[in-house]
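All chains should be modelled from the sequences, with the hints used to inform the complete structure.
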Amino acid sequence: MRTLTKTATDARDRYLDAFRTFEAMQPQNGDGISWLRELRTTASRRFEELGFPTTRDEEWKYTDISPIANLIGSPADAAQVQGLSASDVEPFTLQGLDALRLVFVNGHYAEALSSVGTLPKGVVLSSLAAAIRSDSPVVRSHLAQYASFENHTFVALNTAFFQDGAFLYVPDNTVVETPIQLLFITTSGETATIAHPRNLIVAGANSQVTLVESYVSTGQGTYFNNPVTEVVVNKNATFRHHKVQLESEQAYHIATMQVQQARDCQFASLAVSFGGSIARYDANAVMADQGIECTLNGVYLVAGQQHIDNHTVMDHAQPHCNSHENYAGILDGQARGVFNGKIFVREDAQKTDAKQSNRNLLLSPNAVINTKPQLEIFADDVKCTHGATIGQLDEDAIFYLRARGIDKEEARDMLVHAFASDLLTDIQIEPLRQQLEQELHTRLARNRQIRE
Amino acid sequence: MSTDTNTIEQLATQEYKYGFFTDIEAETVPRGLNEDIVRMISAKKNEPEFMLEWRLKAFRHWQTLEEPAWANVHYPQIDFENIIYYSAPKPKKQLNSLDEVDPELLETFNKLGISLDEQKRLTGVAVDAVFDSVSVATTFKDKLAELGIIFCSFSEAVQNHPDLVRKYMGSVVPYTDNFYAALNSAVFSDGSFCYIPPGVRCPMELSTYFRINAVDTGQFERTLLIADEGGYVSYLEGCTAPMRDTNQLHAAVVEIVALDNAQVKYSTVQNWYPGDKEGKGGIYNFVTKRGKCAGVNSKISWTQVETGSAITWKYPGVILQGDNSIGEFYSVAVTNNFQQADTGTKMIHIGKNTRSTIVSKGISAGRGQNSYRGLVRVLKNAEGARNFSQCDSLLIGDRCGAHTFPYIEVRNPSARVEHEASTSKVGEDQIFYCNQRGISTEDAVSMIVNGFCKEVFRELPMEFAVEAQKLLSISLEGSVG
Chain E
0 MRTLTKTATD ARDRYLDAFR TFEAMQPQNG DGISWLRELR TTASRRFEEL GFPTTRDEEW
60 KYTDISPIAN LIGSPADAAQ VQGLSASDVE PFTLQGLDAL RLVFVNGHYA EALSSVGTLP
120 KGVVLSSLAA AIRSDSPVVR SHLAQYASFE NHTFVALNTA FFQDGAFLYV PDNTVVETPI
180 QLLFITTSGE TATIAHPRNL IVAGANSQVT LVESYVSTGQ GTYFNNPVTE VVVNKNATFR
240 HHKVQLESEQ AYHIATMQVQ QARDCQFASL AVSFGGSIAR YDANAVMADQ GIECTLNGVY
300 LVAGQQHIDN HTVMDHAQPH CNSHENYAGI LDGQARGVFN GKIFVREDAQ KTDAKQSNRN
360 LLLSPNAVIN TKPQLEIFAD DVKCTHGATI GQLDEDAIFY LRARGIDKEE ARDMLVHAFA
420 SDLLTDIQIE PLRQQLEQEL HTRLARNRQI RE
Chain U
0 MSTDTNTIEQ LATQEYKYGF FTDIEAETVP RGLNEDIVRM ISAKKNEPEF MLEWRLKAFR
60 HWQTLEEPAW ANVHYPQIDF ENIIYYSAPK PKKQLNSLDE VDPELLETFN KLGISLDEQK
120 RLTGVAVDAV FDSVSVATTF KDKLAELGII FCSFSEAVQN HPDLVRKYMG SVVPYTDNFY
180 AALNSAVFSD GSFCYIPPGV RCPMELSTYF RINAVDTGQF ERTLLIADEG GYVSYLEGCT
240 APMRDTNQLH AAVVEIVALD NAQVKYSTVQ NWYPGDKEGK GGIYNFVTKR GKCAGVNSKI
300 SWTQVETGSA ITWKYPGVIL QGDNSIGEFY SVAVTNNFQQ ADTGTKMIHI GKNTRSTIVS
360 KGISAGRGQN SYRGLVRVLK NAEGARNFSQ CDSLLIGDRC GAHTFPYIEV RNPSARVEHE
420 ASTSKVGEDQ IFYCNQRGIS TEDAVSMIVN GFCKEVFREL PMEFAVEAQK LLSISLEGSV
480 G
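So the protein lines, in turn, are chains E and U. Read in order, the letters of the first sequence correspond to residues 0 to 451 in numbering that gives the first Met the number 0. Read in order, the letters of the second sequence correspond to residues 0 to 480 in numbering that gives the first Met the number 0.
Each hint can be trusted.
Below are the SDA-like pairs computed for lysine to any residue, each with C-alpha atoms no more than 25 Å apart in a straight line:
# : chain 1 : residue 1 : chain 2 : residue 2
1 : E       : Lys60     : U       : Glu65
2 : U       : Lys351    : E       : Gly390
3 : E       : Lys382    : U       : Phe451
Calculated from the structure, these hints are not laboratory results.
Following this line, the structure appears as structure tokens:
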């Protein structure tokens with residue numbers, strides 16, 4: 000085991016103490032959840048072995064999480080859920096849609112704020128805690144089967160500590176027309192709260208689902224969110240996923256999404272990251288059978304002291320799969336950005352077509368970007384390309400606009416906006432697209448004011 | 000696919016062409032490494048006090064270090080106590096002309112195809128041949144001396160030009176740099192030294208030929224190249240080793256300093272013994288190479304063709320310190336059978352308007368594993384820095400691997416950094432096209448691979464370009480179906 004510094008050991012021990020308390024609070028007797036208790040204990044043991052990562056770990060080379068490890072906080076108690084009214088939640092929802100929505104406040108399910116309307120036959124949309132209580136066989140067979148905590152401290156923490164989250168099950172041959180939103184709100188009051196939301200999504204064969212996972216905050220406080228989302232996409236299913244991260248700018252957000260894909264399915268995800276003080280997102284997709292299409296896109300816009308880290312893994316485990324990846328980022332102020340995209344092409348995963356691109360725009364002399372597009376290829380009949388660019392706005396384009404009577408600032412804004420909104424225009428949920436465009440606009444305007 | 004596999008097996012049996020062992024009595028020190036050995040090496044070479052101190056400092060630092068494990072290569076633990084750190088051909092006496100060189104040694108060079116006389120007469124290449132750590136003879140020395148160019152073995156430089164050595168040794172690769180650089184600094188035996196005075200353009204290609212001969216000797220050579228203001232030099236390095244079953248360690252250090260308006264072009268062709276087709280034996284090539292563009296408008300260009308070694312682990316880099324300086328890296332790395340290569344470059348942009356170009360071509364065949372690992376770092380004050388990187392991989396056979404680990408760190412908004420990479424195989428349609436026109440599959444592949452590497456070969460000096468193409472076809476012979 001690696002030697003840890005004093006503070007790192009303290010941080011680890013604090014979590015381990017918390018786990019013992021947490022474990023003692025769990026129901027002890029019978030009712031079929033001993034598997035869960037075992038799972039939590041294993042995860043906690045793994046966490047004990049791993050400890051918190053340092054910048055000496057290759058996966059965390061550019062992201063120093065010591066402020067997170069040293070954050071003294073506690074899980075919010077369920078009572079705080081009462082504090083919010085429907086009108087508080089309203090601005091974060093997908094307006095104008097007969098929404099299907101689960102709302103979580105500080106990590107707890109808020110039934111009063113949620114709306115599950117009328118679901119197609121067989122579809123289950125509930126809190127994960129409820130699904131576990133009802134001993135759902137789907138939960139039992141899928142939970143923690145994909146997001147491995149073997150080498151990821153924060154997944155181990157989540158697995159040990161998670162209390163609630165969303166559970167979505169879509170049976171075979173079912174189409175859910177309305178987008179489903181999972182809304183995680185943190186009220187961020189005086190004391191720092193820590194939440195480990197856990198989501199499990201299972202899409203049956205030939206099903207179609209659109210999901211929006213939103214993380215927002217009503218205050219500007221410090222807190223730590225550590226969500227883990229597992230997505231299982233079965234044969235020939237079509238899944239559209241959106242992750243919207245608009246956490247407070249004092250918040251810590253470490254998220255992991257693990258996607259398991261079956262034959263001929265399609266999975267597309269867009270991650271929009273605007274918030275957080277330290278934000279890290281691991282999006283991992285395993286193409287476990289043939290004929291799969293997988294897209295992982297992302298947009299990030301950070302300024303001030305923000306730190307954003309996107310890690311992706313495209314694991315081509317089987318032949319004949321196509322993957323697409325396109326991440327675009329804008330960095331202003333003293334913001335730091337990290338991108339690490341891995342493409343694995345396993346032995347015999349022939350006829351793989353993998354494309355990856357990471358574009359970055361640095362707007363300030365103090366912004367920093369570290370990018371590492373990585374390919375690991377073990378098969379010969381493949382097409383893999385990746386590219387990364389870092390630069391400024393195109394002077395020619397600015398000149399073109401100025402020649403047409405648009406002033407310099409406005410020309411810049413237009414081009415910056417276009418740089419990021421390229422990916423946003425693909426969003427098919429109209430209210431979400433508008434909401435994010437608006438958010439982008441507001442933030443760019445604010446950043447410009449700070450610069451001036 | 001079955002025909003592919005058959006041909007691979009059939010033709011991957013190509014034996015190592017340079018595998019012969021010259022029976023020359025060698026003077027060696029006992030196995031193992033401790034301060035006494037370091038002192039012994041220094042004493043044998045009759046070095047001034049500052050060299051010994053430097054070696055000891057490096058050795059003490061080395062003892063505090065751990066062997067790095069981050070590279071994407073796998074090999075059994077090296078026992079540093081079981082290596083002979085110094086081996087010099089005997090008798091070792093002052094040599095005045097080629098006639099005095101041991102005829103057997105000359106024969107070895109003839110087998111290698113770099114006969115000193117031949118080269119001297121025909122090609123006008125000045126060769127400094129390093130045979131198991133000691134520089135044997137340096138051709139054309141006098142002619143170069145007329146221009147004020149110093150081109151000699153490192154030991155001679157230590158004796159005759161201690162000020163230059165003292166000033167520049169360790170200025171680019173300090174002994175604290177990494178595990179192998181520290182080891183090299185402690186025990187390095189010899190190498191080449193070159194100084195180009197201000198305003199001088201070296202009229203010929205300088206060249207060193209390294210050859211590892213004795214069993215179990217690590218070759219720790221150290222090369223130092225200095226181009227003073229407005230100087231220009233093109234330097235070639237070639238390497239071979241005889242066939243040996245135990246793995247031999249090679250941990251060299253190359254330092255290049257380019258002052259104002261100076262240009263250095265450094266070309267390497269490395270075809271050390273790669274091990275047999277079961278992956279047994281071969282050279283471990285753990286090398287630290289770095290250049291520093293210390294002056295304004297200076298330029299350092301690395302070109303490497305890596306076809307040999309069981310394991311290659313090297314990252315020739317350039318520190319772009321002077322404003323408007325240029326760094327270039329052109330590389331072809333070939334891995335066949337069980338060879339592993341983890342190679343790339345580091346471009347550190349410090350000065351304003353610095354530019355760097357990286358072109359890396361990796362070819363994997365058999366069970367070879369080829370990694371490109373590169374770092375492009377633009378520091379905060381590197382206004383207007385520009386980088387273009389391209390790393391392409393070609394896969395031949397379905398049991399090899401190609402990996403890319405580019406690190407890009409940018410701290411200046413005016414920087415423009417582009418990285419592109421692609422991976423592909425030799426297309427069946429391309430081969431079919433050639434076959435149709437009466438070109439055999441083997442020739443077709445050779446053509447396609449050569450085309451793939453053309454951008455890099457173009458950068459090599461004429462003599463090397465021809466050799467590189469030949470080497471490439473030898474290393475890949477039969478690995479294609």
